[in-house]
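*Asks:* Using the hints provided, position chain B relative to the given structure of chain A.
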Amino acid sequence: MANAPVSEYRGNIHQQQKELMEDWYQQLDHAADGGDPPTVSMMVSGNCVELLEGFGAVPIYPEVNALQLAIRHQSLDPILAAEDMGYAADNCAYVKADIGCMLKGITPTGGRMPKPTLVLCNFVGCNTYVKWFEHVAAFTGAPLYVLDVPFLRGEEPSAADIEYVVRQLKEVVQLMEKLTGRKFDFDRFRQAVEHSRETEELWSQIKHFSQHQPAPFDAYFDAITLMGPLYVYRAKKEGVEFFRSAHAELKSKMDAGEGIYDQEKFRIVVEGPPPYPYFRAFRDMFAKWKACAVASTYSTVGGLWEFGFRHDPARPFESVAMHMLAHNVTNRNYLQRYDQIRRYVQEWKADGVIIHFVKSCRLFSAGQGDMRDYFTRQLGVPTLYIESDLEDPRYFAEAQTKNRIDAFFESLEHAKQTSGRAVAV
Amino acid sequence: MLQDLSLGSVRNWKEQHPGGKAVAFFPVYAPVEIVHAAGMLPVLMSGAGDRLDIQHADSRFGSFICSIVKTTMEMAMTGHLEPLDAFLFSSICDSARNLCFVIKRNFPQMYVDFIHLPHSTSDASIDFLSEEYRRIIAELEKLGGVVVRDDDLHRSIALYNEQRRLVRLLYELRARSPHLLRAWESYVLVRSGNFMPVEEHIDCLRQALESVSEREGKKRDSIRVVVEGSFCEQPPLEVIRLLENAGCDIVEDDFSLAQRWFTRNVPVMGDPVRALAESYVHHSVYSSVRHDTTHPRSEGLAEKVRRTNAEAVIFLIAKFCEPAYFDYVLFKQKVEQMGLPHLLLEFEEKLFTFDRLRTEIETFVESLVFD
Chain A
1 MANAPVSEYR GNIHQQQKEL MEDWYQQLDH AADGGDPPTV SMMVSGNCVE
51 LLEGFGAVPI YPEVNALQLA IRHQSLDPIL AAEDMGYAAD NCAYVKADIG
101 CMLKGITPTG GRMPKPTLVL CNFVGCNTYV KWFEHVAAFT GAPLYVLDVP
151 FLRGEEPSAA DIEYVVRQLK EVVQLMEKLT GRKFDFDRFR QAVEHSRETE
201 ELWSQIKHFS QHQPAPFDAY FDAITLMGPL YVYRAKKEGV EFFRSAHAEL
251 KSKMDAGEGI YDQEKFRIVV EGPPPYPYFR AFRDMFAKWK ACAVASTYST
301 VGGLWEFGFR HDPARPFESV AMHMLAHNVT NRNYLQRYDQ IRRYVQEWKA
351 DGVIIHFVKS CRLFSAGQGD MRDYFTRQLG VPTLYIESDL EDPRYFAEAQ
401 TKNRIDAFFE SLEHAKQTSG RAVAV
Chain B
1 MLQDLSLGSV RNWKEQHPGG KAVAFFPVYA PVEIVHAAGM LPVLMSGAGD
51 RLDIQHADSR FGSFICSIVK TTMEMAMTGH LEPLDAFLFS SICDSARNLC
101 FVIKRNFPQM YVDFIHLPHS TSDASIDFLS EEYRRIIAEL EKLGGVVVRD
151 DDLHRSIALY NEQRRLVRLL YELRARSPHL LRAWESYVLV RSGNFMPVEE
201 HIDCLRQALE SVSEREGKKR DSIRVVVEGS FCEQPPLEVI RLLENAGCDI
251 VEDDFSLAQR WFTRNVPVMG DPVRALAESY VHHSVYSSVR HDTTHPRSEG
301 LAEKVRRTNA EAVIFLIAKF CEPAYFDYVL FKQKVEQMGL PHLLLEFEEK
351 LFTFDRLRTE IETFVESLVF D
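If you read the protein sequences in the order shown, they are chains A and B. Quick note on the working numbering: the first sequence kicks off at 1 and runs consecutively. Quick note on the working numbering: the second sequence kicks off at 1 and runs consecutively.
Okay, chain A solo, but in the shape it has when bound (with noise of 0.2 Å):
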């Protein structure tokens, strides 16, 4: 197989996203001459991006900040300077590049960032947020507040859980009065719920789509850039429209049969974030063996809607409280994401699981040797195991990622060709 085939779709869903995610950073700059929208500093997994609407609030996400830079190649700089003031080399590189920027005062974009009115640390499940939102709060001088949100210890949160978070969205609404001035619109938040549930519904249909077979997308390649979007404008109108412009495009393609090769050869899940420094080439690797990613457990970080969650405009408060709980993945706990990813697998009829380890999320790796366990071992479902950084290019080594993922696909070819069962790598 010398040449990798084509395997970006590049339709009008990719210039939709660029627009949107411009005019955010253009808010953003805006904000920056004097607090107009008022911003508010929030982590992807889990966010409240309808209670900002109350307020007309704009978010910023650091880690989309962050990812951003590592796909532009440009995070090195950063990180360097961050381990330079302190930070560890084993430190996530998504913070070190955060608060490198900050302090070298780089953006993504070449615009301006606002001092945030509040720095609203949704803490679910990760305690790096803890630990980088007091950072952002300390260096920019802004308010912190954690929102504290209980992790997902048995199957369902409890009622207590569910009050707890429904209690301090609450006092979030206050603070924001108080350092906004400005009144919390309940009917605007209301109807930012109601714009989730309908974004909601369409991405949701969307994921499903990769079931069909061909998959007419990558759900975890392709689904990265519906993820900017869907964290700034799920609860917007202009989210809505996207998505449903984006359902149309991908549905004609599903109703076509096509897919992302011209012939689809493997069906996998992935589990982990992308080597963002190295996106392109990593992507490459797989589409060498035309192999589609049709789940993955990333894209489900700032939301998990495919199994049928949505927020619900009759319960606004409880239905942000139960997102931010029970439907990421960051929440939830580590059986349960094992339970995610057989149900992928199953369901949207997988041949393999990708386990990619990233150095800088013990969140996401911390243990994967075990999940790695349970699918070959217990279920017999073929697995490969690679390990590189979300943020950092110096944990890339390019040639042993390409023969450890050769190697599956092989084993995987091997195996199909003569009926028997691919082993892991």
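Don't read these hints as lab results, they were simulated from the structure. Where a beta carbon is used, it is the ideal one built from N, C-alpha and C, also for glycine. Hints are supplied without guarantee of correctness; some may be wrong.
[Claimed, not checked] Derived DSSO-like pairs (lysine-lysine); straight-line CA-CA distance at most 27 Å:
{"#": "1", "chain 1": "B", "residue 1": "K334", "chain 2": "A", "residue 2": "K115"}
{"#": "2", "chain 1": "A", "residue 1": "K104", "chain 2": "B", "residue 2": "K104"}
{"#": "3", "chain 1": "B", "residue 1": "K104", "chain 2": "B", "residue 2": "K319"}
{"#": "4", "chain 1": "B", "residue 1": "K142", "chain 2": "B", "residue 2": "K104"}
{"#": "5", "chain 1": "B", "residue 1": "K332", "chain 2": "A", "residue 2": "K115"}
{"#": "6", "chain 1": "B", "residue 1": "K334", "chain 2": "A", "residue 2": "K104"}
{"#": "7", "chain 1": "B", "residue 1": "K218", "chain 2": "B", "residue 2": "K304"}
{"#": "8", "chain 1": "A", "residue 1": "K349", "chain 2": "A", "residue 2": "K290"}
{"#": "9", "chain 1": "A", "residue 1": "K104", "chain 2": "A", "residue 2": "K183"}
{"#": "10", "chain 1": "A", "residue 1": "K288", "chain 2": "A", "residue 2": "K349"}
{"#": "11", "chain 1": "A", "residue 1": "K236", "chain 2": "A", "residue 2": "K265"}
{"#": "12", "chain 1": "A", "residue 1": "K402", "chain 2": "A", "residue 2": "K349"}
[Stated by the list, open to error] Listed next, the stretches of chain A that the computed footprint assigns to chain B, with coverage defined by at least 3 CB atoms under 8 Å from CB atoms of chain B:
{"#": "13", "segment": "160-168"}
{"#": "14", "segment": "356-364"}
*Replies:* Below, chain B without anything else, positioned relative to chain A:
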């Protein structure tokens, strides 16, 4: 006892208490009063030190994961946790969070649970944590076939208040007269409480306090240091000795915080569950695994330095311990603002050569002595 991976003291306790349950918890803190009030033995599992080769756990927890997570998993996979009936974890870091569920999957015979200790000091946090403790109490009642009454909890709280008071006294004594009580001695003494019934530990602490006060010793010409960063995985005893032999008087540290978690007594009246929750939210010691936006942890460190008249801070951080690495950045800035020298050292539970650490420590101490 600290060396005994077979958990002999736990086995002994179980022999003496037929049907009794041993409830382990992973660092840094757990509401031990609840376990004790259920008639069970709380056991703080803080790794296997250098006494166990990692042969199986590496296949479950790969690169860039700290040693204590791996040695705990290794102990589980090699049958060392057999005397334990339950294992509790809490929201201290992402690796420990996942370890909880990996243990749960692989050892279904054990009751494994995760306590969400709040990262906020909102009033809502106290109500939530009270409910969380009630949930754990119900689980323990099921496990032991027992009923936990308020009176039982009050008695347990009083006992642990006494344990914490004695440990605080021990630390005060050490800060006042480090030549009479070395840090490595108090470390062993406090840490032995991990495996011992609290009643026995209280006796040990009382005896120790009595005998130390009778000691005579000459003051040394040493540097008073605060050691910070070893709140979960514990450094080898050798490292603590190294610091002391190099001329440091360790006047404060964050080793074994569990035995002095609260800065004051938990009230022994009213609703005991709420008293424990309220104490956690408002009267915990500062630690890198607990977040209180109203009192930054760097202020906690500064207060520790001032209270003990320390002349330097040594950051002693376990390899791959992300909470400690993060806090180091803001701590370092604070210590520099205070005009104090500081040194960063990394350790793993399993260290066989101490030459590099010794050189770093000696160079640091010399630079201060001859300054």
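*Asks:* Each hint should be assessed against the structure and marked as holding or not.
*Replies:* Tested hints:
Restraint check for K334(B) and K115(A): satisfied, since their Cα atoms lie roughly 23 Å apart, inside the 27 Å limit. Distance hint between K104(A) and K104(B) is unfulfilled; the C-alpha atoms sit about 45 Å from each other, more than 27 Å. With a CA separation close to 25 Å, the supplied pair K104(B) and K319(B) stays within the 27 Å bound. Distance restraint check for K142(B) and K104(B): the Cα-Cα separation of roughly 17 Å lies within the 27 Å cut-off, and the hinted pair is therefore satisfied.
Distance hint between K332(B) and K115(A) is fulfilled; the C-alpha atoms sit about 24 Å from each other, no more than 27 Å. The hinted pair formed by K334(B) and K104(A) meets the criterion: a straight-line CA distance of about 21 Å does not exceed 27 Å. With a C-alpha separation of about 25 Å, the suggested pair K218(B) and K304(B) falls inside the 27 Å cut-off, and the hint holds. Our distance criterion of 27 Å between C-alpha atoms is met by K349(A) and K290(A), whose separation comes to about 16 Å.
Between the alpha carbons of K104(A) and K183(A) the distance comes to roughly 35 Å, so the proposed pair goes past 27 Å and is violated. A threshold of 27 Å between alpha carbons decides the hint, and for K288(A) with K349(A) the separation of about 21 Å falls inside it, so the pair holds. Restraint check: the Cα-Cα separation between K236(A) and K265(A) comes to about 38 Å, which exceeds 27 Å; the hinted pair is violated. Straight-line distance between C-alpha atoms of K402(A) and K349(A) comes to about 24 Å, which keeps the hinted pair within the 27 Å bound.
With 6 residues carrying a beta carbon less than 8 Å from a beta carbon of chain B, the segment 160-168 of chain A meets the three-residue requirement, and the given coverage holds. By the rule of at least three residues with a Cβ nearer than 8 Å to a Cβ of chain B, the coverage given for the segment 356-364 of chain A holds, with 5 such residues.
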